[in-house]
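So the chains spell out like this:
2 protein chains.
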Amino acid sequence: MARTQGSHSGITGPRIRDAALRLFAQHGFAAVSMRQIAREVGVQAGALYNYTPDKQSLLFHLMEGHMTELLASWGDQPGGGDSLSQLEAFTRFHIRFHLQRPDAVFIAYMELRNLSPENFIAIESLRREYENALESILKKGVTEGVLLVPDTKIATLAVIAMLNGVNTWYRDGGRLSLDQVEVIYWEMVRRAMMV
Amino acid sequence: MARTQGSHSGITGPRIRDAALRLFAQHGFAAVSMRQIAREVGVQAGALYNYTPDKQSLLFHLMEGHMTELLASWGDQPGGGDSLSQLEAFTRFHIRFHLQRPDAVFIAYMELRNLSPENFIAIESLRREYENALESILKKGVTEGVLLVPDTKIATLAVIAMLNGVNTWYRDGGRLSLDQVEVIYWEMVRRAMMV
DNA sequence: AGACTATCTGAACAGACGTTCAGAAAAAAC
DNA sequence: GTTTTTTCTGAACGTCTGTTCAGATAGTCT
Chain A
1 MARTQGSHSG
11 ITGPRIRDAA
21 LRLFAQHGFA
31 AVSMRQIARE
41 VGVQAGALYN
51 YTPDKQSLLF
61 HLMEGHMTEL
71 LASWGDQPGG
81 GDSLSQLEAF
91 TRFHIRFHLQ
101 RPDAVFIAYM
111 ELRNLSPENF
121 IAIESLRREY
131 ENALESILKK
141 GVTEGVLLVP
151 DTKIATLAVI
161 AMLNGVNTWY
171 RDGGRLSLDQ
181 VEVIYWEMVR
191 RAMMV
Chain B
1 MARTQGSHSG
11 ITGPRIRDAA
21 LRLFAQHGFA
31 AVSMRQIARE
41 VGVQAGALYN
51 YTPDKQSLLF
61 HLMEGHMTEL
71 LASWGDQPGG
81 GDSLSQLEAF
91 TRFHIRFHLQ
101 RPDAVFIAYM
111 ELRNLSPENF
121 IAIESLRREY
131 ENALESILKK
141 GVTEGVLLVP
151 DTKIATLAVI
161 AMLNGVNTWY
171 RDGGRLSLDQ
181 VEVIYWEMVR
191 RAMMV
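Protein chains in written order, with my numbering: chain A, 1 to 195; chain B, 1 to 195.
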């Protein structure tokens, strides 16, 4: 027997990625087996290897896809305005984007150690690119005298770490709306960075 | 054959915990086997079970020990002064304490999902206790009119998330000394929280 | 209708997993 | 110097791991 009814490449591929994303986020890369992913998709373990050469690549492409989407999405954002409004735009964008895909965010931050050395370098480079987007804004703000930070590199990492924290506690339908969260964090960021 | 020369309970126990801490932090709980830990200690896997009933307990007691030490250490800190200097004390303490034990911190934040439900609740309760220490300072500061935060609960989590970020980039012998790092972060925290 | 291709099954591989335990040896107690 | 206790070994257990592949089937093309 082979091929249960109605199964296609175009649908199985995404379902594998979805299942892997969810399971990796929930239990961790090392704790999830290929057979678990396959069961979730409704397929035998061997079938996964039509879509990924191995488990490591599956993880890598999930991370790479996430980071690429993050950069592209920030690139699509309207860019004008002064440093301060750019910083606000970044803050709000970061919160919104990351709250929309908690699983991918979780994996991108937690499973770095499970990447092979080359894959690690690739992901780190994408992350640095994103960090540079924020640092550029901070540097410009400092040059223009609008912002005042002790150290733009550290301020960049501090802001991102603070914003990432939202993902650990925010739940849909909770006490605060997404917009309220954006406002609260933007006020803290603004005061921490403004002259 | 049994018992290689000079092996004692008093020394093997700590060495197991040390090895487990380092390996869990490096590769993740699920990716580390009991045999790997045993090899690191220089003992057969079976010997580990004289010191822990199972792998899960080993993880739990590492986390519990870390959180308990964190709370005790903060409790030992001199407590006086106004809200602002208490907030400064907390900021500096948090950075210093966490930079001294990066492996334990890593595990305490990353391996929560590998805890059994009861163990998870226990660790979460200790963490909440620590968060409450900070939130009390913020609340007092707001009441006294010294601090101004949009939401003390969120501010608490934001500050801790920001401070935890230090562990991701700080390296001994790097560009900045521990004290410089404390100063920089304290300035950001102060400005974000002060009226 | 027949040939071809894409997709999947099911079994197999060699090795690793957490955990248990009888027995051996070292250390401690007497 | 003998007994008792603590600590460890080494083998074994049943199960799971990532990955491969021949063969089977469903969909597509001519």
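Hint data in this document are derived by calculation from the structure and do not stem from the laboratory.
Since this is a predicted model, take the numbers as computed values, not measurements.
Each hint should be verified, as a subset may be incorrect.
Just so you know, same-sequence chains aren't split out, so a pair can sit in one copy or run between any two.
Unchecked claim - Below, in silico cross-link-like pairs of lysine to any residue (SDA-like), each with a Cα-Cα straight-line distance of 25 Å or less:
| no. | residue 1 | residue 2 |
| --- | --- | --- |
| 1 | K55 | Q180 |
| 2 | K139 | F93 |
| 3 | K140 | D18 |
| 4 | K140 | H61 |
| 5 | K139 | E129 |
| 6 | K153 | S177 |
| 7 | K55 | Q26 |
| 8 | K153 | R171 |
| 9 | K139 | Y170 |
| 10 | K55 | L178 |
| 11 | K153 | R175 |
| 12 | K153 | R92 |
| 13 | K153 | V183 |
| 14 | K153 | Y109 |
| 15 | K153 | E135 |
| 16 | K140 | Q36 |
| 17 | K55 | D76 |
| 18 | K153 | H27 |
| 19 | K139 | W186 |
| 20 | K55 | E131 |
| 21 | K140 | S57 |
Quick rundown of the hints versus the structure:
When the C-alpha separation of K55 and Q180 is checked against a cutoff of 25 Å, the pair qualifies neither within a copy, at 40 Å, nor between copies, at 42 Å. Taking identical chains as interchangeable, the C-alpha atoms of K139 and F93 lie at most 25 Å apart only when both belong to the same chain, with a minimum of 19 Å there against 29 Å between chains. For the identical chains of this complex, K140 and D18 are neighbours neither inside a copy (39 Å) nor across copies (46 Å), given an alpha-carbon limit of 25 Å. When the C-alpha separation of K140 and H61 is checked against a cutoff of 25 Å, the pair qualifies neither within a copy, at 34 Å, nor between copies, at 48 Å.
In this assembly of identical chains, K139 and E129 lie within 25 Å of each other by CA distance solely inside one copy; the values are 15 Å within and 38 Å between copies. For the identical chains of this complex, K153 and S177 are inter-copy neighbours only, at 15 Å across copies versus 31 Å inside a copy, given an alpha-carbon limit of 25 Å. For the identical chains of this complex, K55 and Q26 are neighbours both inside a copy (16 Å) and across copies (19 Å), given an alpha-carbon limit of 25 Å. For a Cα distance limit of 25 Å, the shortest separation of K153 from R171 across copies, 15 Å, qualifies, whereas the shortest one inside one copy, 30 Å, does not.
In the homo-oligomer, the alpha carbons of K139 and Y170 lie at most 25 Å apart only across protomers (21 Å), although the nearest pairing inside one protomer, at 30 Å, exceeds that limit. In this assembly of identical chains, the alpha carbons of K55 and L178 never lie at most 25 Å apart, being 35 Å within a copy and 40 Å across copies at closest. In the homo-oligomer, the alpha carbons of K153 and R175 lie at most 25 Å apart only across protomers (11 Å), although the nearest pairing inside one protomer, at 33 Å, exceeds that limit. Taking the closest pair of Cα atoms, K153 and R92 come within 25 Å of each other both inside a single copy (20 Å) and across two copies (19 Å).
Within a single copy, K153 and V183 get their C-alpha atoms as close as 24 Å, and across copies as close as 15 Å, so both meet the 25 Å cut-off. For the homomeric pair K153 and Y109, the shortest alpha-carbon distances inside one copy (19 Å) and between copies (24 Å) are both at most 25 Å. Taking the shortest Cα distances, K153 and E135 sit within 25 Å of each other inside one copy (7 Å), while across copies they are farther apart (28 Å). For the identical chains of this complex, K140 and Q36 are neighbours neither inside a copy (49 Å) nor across copies (50 Å), given an alpha-carbon limit of 25 Å.
For a Cα distance limit of 25 Å, the shortest separation of K55 from D76 qualifies neither inside one copy, at 32 Å, nor across copies, at 47 Å. Neither within a single protomer nor between protomers do K153 and H27 lie at most 25 Å apart by alpha-carbon distance, with minima of 33 Å and 28 Å respectively. For the homomeric pair K139 and W186, the shortest alpha-carbon distances inside one copy (18 Å) and between copies (20 Å) are both at most 25 Å. In this homomeric assembly, K55 and E131 never come within 25 Å of each other (Cα to Cα): the closest approach is 28 Å inside a single copy and 38 Å across copies.
In the homo-oligomer, the alpha carbons of K140 and S57 never lie at most 25 Å apart, since the shortest distance is 38 Å inside one protomer and 51 Å across protomers.
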